[in-house]
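> Fit chains B and C to the supplied structure of chain A, relying on the hints for placement.
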Amino acid sequence: MNSMKGYFLSALSILLLLCLTGCWGNKEIEDLSVNVGLALDVGKESELEQELAEQGATYPKKNIITATLQTVPVLKGNKEQQMGNSKSSEMFLNTEVTGDSIFQLYRQYSLRRYRPIIGHHLKVLVISSELSRKMDLDKLVNFILRDNDIRPSCLVLISTGKASEALISSQPGDIPSFHLRSMVENQFRNNKILAPMILTELDGIMNSGSSFVLQNLVTAKGEVEFAGAGVLKGETNKWIGTLNEHEVEGLNWIKGDIEGGVIKTYDKSGEVLAYEIKSASTKIKSKVNGNDISFHVSIEADGRLIENWDKSQVPTDEKFLKEAEEYFEEELKDMLHKTTRKMQEKFKVDVGGFRNQLRIQHPKVWRTVKQDWDETFSKCDITYDVNITITDYGSSAK
Amino acid sequence: MFTRTDDKITTTQTVVIISCFMLGSGVLTLPRTLTERVKTVDGWISLILGGLIIMLAGICIVKLCQKFPGKTMFQFLKEIVGSWIGSCMCLLMVMYFVCLSAFEIRVMAEVTMLYLLEGTPMWAIVMSFMWIGLYLITGGINSIARLFEIILPITIVVLLICLLLSSRLFDIDNLRPVLGEGIFPVIRGLKSTLLVFIGFEIMIILPAFMQYPKKGVKALIIGTSIPLVLYLITFIMVVGAMTVDGVVRSTWPTLDLIRSFEITGLLFERFEFFLLVIWIMQIFSTYTICFYAASLGLAQLSKKNIRPIMYGLLPFIFIVALLPKNMNELFDFGDFIGTVTIYLFGLFPVLLLLITTIFRIGAVKEDE
Amino acid sequence: MWQSIISYIPNWIIFTQALVILIVPIIIYLTSKWLQSALGSRTSEGTPTANESEENIFENAKTKAEDTMPFTGNYETDLASIKKRIAKNCDVHFREFTMATGEMVAIIYVEGLYDKELIEVQVMKSLMFDDVEEMEKSSKDSKITKSYLTNKMLPISEIREALNLEEVVSDILVGSTAMLIDGIVEVLLLGSATGKTRSIEEPLSEGLLRGPRIGFTEILCDNTAILRRHGKNESLELIKFQVGTRAKKDLVVAYMNDIVNSELLEEVKRRIESINMDYLPESGYVEQLIEDDSLSPFQQAQNTERPDRVINSLLEGRVAILLDGSPFALIVPVTFSMLLQSPEDYYERWIPGTLLRMLRFLATFFALLAPALYIAFISYHPGLIPTKLVMSIIDARQGVPFPSLIEALIMETSIEILREAGVRLPKPIGPAMGIVGGLIIGDAAVNAGLVSPFLVIVVAVTAISSFAIPTYSAGITLRLLRFLAMFCAAILGAYGTVLFFLLLCSHLVKLKSFGVPYVSPMAPYRLDDWKDFIFRLPFKVMKRRPLIMKTKDSDRKK
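Line by line, the protein sequences give chains A, B and C.
Mind the numbering: the first sequence is residues 9 to 406 in the numbering used here, read in order.
Mind the numbering: the second sequence is residues 5 to 372 in the numbering used here, read in order.
Mind the numbering: the third sequence is residues 48 to 605 in the numbering used here, read in order.
If you are wondering where the hints come from, they were derived from the structure by calculation, not from laboratory data.
Positions of the beta carbon are idealized from the N, C-alpha and C atoms, including for glycine.
Some hints could be false.
[Claimed, not checked] Covered stretches of chain B (chain C as the covering partner; in silico rule of three or more C-beta atoms under 8 Å from a C-beta of chain C):
#, stretch
1, 21 to 34
2, 107 to 121
[What the hints assert, rightly or not] Straight-line C-alpha distance at most 16 Å; calculated EDC-like pairs for lysine to aspartate or glutamate:
#, chain 1, residue 1, chain 2, residue 2
3, C, K172, C, E150
4, A, K293, B, E122
5, A, K291, B, D177
Chain A on its own, in the form it takes in the complex (with noise of 0.2 Å):
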């Protein structure tokens, strides 16, 4: 029974070490900050960095990036303070590092601030369109999609501008990456919008080596904007242009991504005409003659006239319909020849899927002409056929 016993405490001591040695990885949650957005622009050290390099904090690197990492909450200092001061206060913290390996610049993080970082919530990613013409998109993005505490949900974005400016709000009370991930959601409202863009889709696309857009934004003051798209050359994977709202909108036509939105045309006699659109389909068929690829894109939209300026004209004349739809098809197929060219002339890239559809109705010939597409692509014919159905006028019937 005696060495029972002690078999009985050999046992509970073990249990008790184990109890002891656990507790490895944990961190609680109010000691970190959380890396909500995240900036890259081309690396140029900021005035605090500059001065801090003089002071003595430097490590062997190569200024290429600096990010800004934005992180929340800020912390108030107790209740009164954040009763009083709430109204001035951010709500985020932004910390510009500058340098080379963006892992690295996450890992500086922590020489700065002694919370330290977490990428688990990190919801955007702007990058500028001067760093990325400067350097491969894959280079920049590596890191992040490599690491286990970010998520490939994460949304990408090119910015005009500085980058960093994007994760900059002059609202009260507004977090500038929430304020982006909420916008994309906004497609259903404003086909100007791509659809979003996640790491995840990114990653594939690079891999393919198709050519790509990435929804752009301008920052003025303060405030963001969406404004047209970021052009990627697929070999390189950098930026190459910018195509402007009104081709975006032309682009997501093509690609079939309309969700909503509105087509905003001018009569004979120079009167607004403005159409809302409820459901749109796109079907893209491609054609192959001998060397000769051909594409033809039929669009099919149902909506609703919302806005006609012209009084003499009321909506419940059938004549009047027929002729307010031509006025609108007439306006996209404008759109879509526009956008077209663009891609054609200007840039020579394929960024509307019509790889994708020729990969799925000819894979045959798709193998022959995967390896230079996009200059394959900028010869070829494309045909538009529109039909643009308006199947009521709102509530008024003027």
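For chains B and C alone, kept in the frame of chain A given last:
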């Protein structure tokens, strides 16, 4: 005592054991390993073909076992090929099961350390896991079967919900064209699909425990179909959302898919936790049944009590699990195990079946 | 080649760990084996052993022989021998008088237990005064006989005879009245105990809105009578056992003889017969002495105060055990799902019944794992919480000085203390105490910055959930396991929680109650039994008795 056919398992339990064994580490890696080999979107066809082939191999084993009712292969192998070769083959099978359980544990530990417990030493993760497995298998095949019966429905429901939620990323265009490059890529992928169906080999012991061994073939077919369907849905959803080019770049594609969306409207925003939970449970089931098969094999080979053998195997599995030095070696290890399966449990039983049929070894009671 | 093999040989640390991985379970195994043996061998394997040592037997032999010696029939000697045995007791009274016919009679009774009215009116009156003429007539012929007494003179239904001292003494002490008559060898035992009893009340521990308001009491015969009253049913059988080596108590095993599986019945009888304990004050003793696994945190017999629940279980083919002196009947075998079922599920219509059951399963989940998940998420996996929630939790936890485990332990422990105090306190104070504790302490703790408000919500939900479980003792088990889950989560995060769940399931699947798997019908699947598991389907669908019970008669309809 109010005993009921205690050491016997029902046909349903057999089905559940086979399914749980098959659903293992493969759920997370399958889309990548398959697509890497196939290089087109047609991996799902390979998957179906692979499943059918595995069913055939499994049926061979079941038929073989049915010639020796009430005996596991560890027991009757000697009767067919003689004492020496039989013992060697049995030992090989035991080693196989040890390696397989070690592999599963290691994969589990790697993923856990990557996504759940950064900074926790591997031994802590592995040890606690192994002890609980030991506790379970001391209860015998019946307890194992009952636990699997709890785990399997949870797995199926959670996996399907997770995949269903990912349908917002799904695009059918990513799965087209079907057979765009002919049938060859499909055949190329066959080998890697065979690897995910590791688990049918448990039929070398199960028929001995079955209440109605005659239903072995039926149990095997259903038991293989459940993972086949789940794998199929997983593959389709993952490739449909991530495209072929994206899948090959991701180490754990299924997990990456679930991490690629956040649903703000629901109570939970992130679903990889649920996926990891069921995945750990499935690894647990694969590990325990392997562990049990290995200890049963040793016990029947040496004709000793099974309990000390279970304890004795623990350190071996642990050491084998820690042998691979990095992820590449780990995946190579997995491939190696898969290759061994094909020979040890795919071709060898066919050979045995031929021998027994030709020489009429075993209880020929088929007229009954 | 050789080099590469060498490089794979693990270093000594891994070998040490491998050793640890081997030794720890062996130690745990030996410990549990030692505990098992210390707790007494498992009842399923145990056989009744002689509890007396050699010397005792020798010493007792003399009194034994005296005890079993038949009475002489001589009034004086018999009375003296009885007196010698029990006259020391202050509550034992001897009343001697002369019968109308002249024989000496002694009535021996225990104060407060004997049926006063019966003895005075029916016995003494009739013996002393009534039928004197007839008596005289008969006395001429012969001496008064036992049969004459019982046939003609004692208008009492319950008369037993005792031949030796042992029988007489034990019966007197439990409340029978003994009558010693000169010239008659046998001692007559009249009536039975009528001590003060409680009236039948509504069961305290299992309240229902709808359903019978009747509950068991401490009196065994009342309880069996309640069971009998469930309806005209010949198949209900009640077998009596005597348990307790020193103080014997009646124990009744109830079952439906044409439903119950006979093997199960034999097993129950065997285990009850093997009970070896000097005294059993409550059915909880019986429960613990006949259970399969004493190291399990789960109960392996269901205790209930509700007769309707017992009858329902009997009709499902289970066996009920009732002990004298305890208002709690035991139902065996029990499965986990039974603990989450309430009779009300059947009394209400099936849709609300089903909904309530699902709610209870959810409550069980919360009661078991909510604080563990809280700890795991807060301390280990901030990445798995929705972003907006992370921000508000960080805000809420500002200034909380403890890690989440300590924080949760503080609150959970105080809630448990409150609950325990609430049980002990007199009824009018109890609820007030709950309010003071729950509301004021919780609020104060948040304001003082000891805990975060988020945790208070978690703890409150957990506590309420654990009270939503219909069986009180199952609630205690869950609360106990909750603390284990919290520690697991604190050591290994969500992974630890999953491991805890697997451990719990492993234990549950190994556990059996009287040979029935504890987790059935969840595993092994018996789809027919699922009609009455998480769901409670309409009665028209539930035509069969549970398959796991292997009943003789599986059909509920004829």
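> Evaluate each hint against the coordinates.
Now the hints, each set against the structure:
With 0 residues having a Cβ less than 8 Å from any Cβ of chain C, the stretch 21 to 34 of chain B misses the three-residue criterion, and the hint is violated. Coverage of the stretch 107 to 121 of chain B by chain C holds [criterion: at least 3 residues with CB-CB distance below 8 Å; count 3]. This hinted pair checks out: C:K172 and C:E150 have alpha carbons roughly 15 Å apart, not beyond 16 Å. Distance check on the hinted pair: A:K293 and B:E122 sit about 50 Å apart at the alpha-carbon level, beyond 16 Å; violated.
Restraint check: the Cα-Cα separation between A:K291 and B:D177 comes to about 12 Å, which is no more than 16 Å; the hinted pair holds.
Violation of the numbered hints given earlier is confined to hints 1, 4; the remaining hints are satisfied by the structure.
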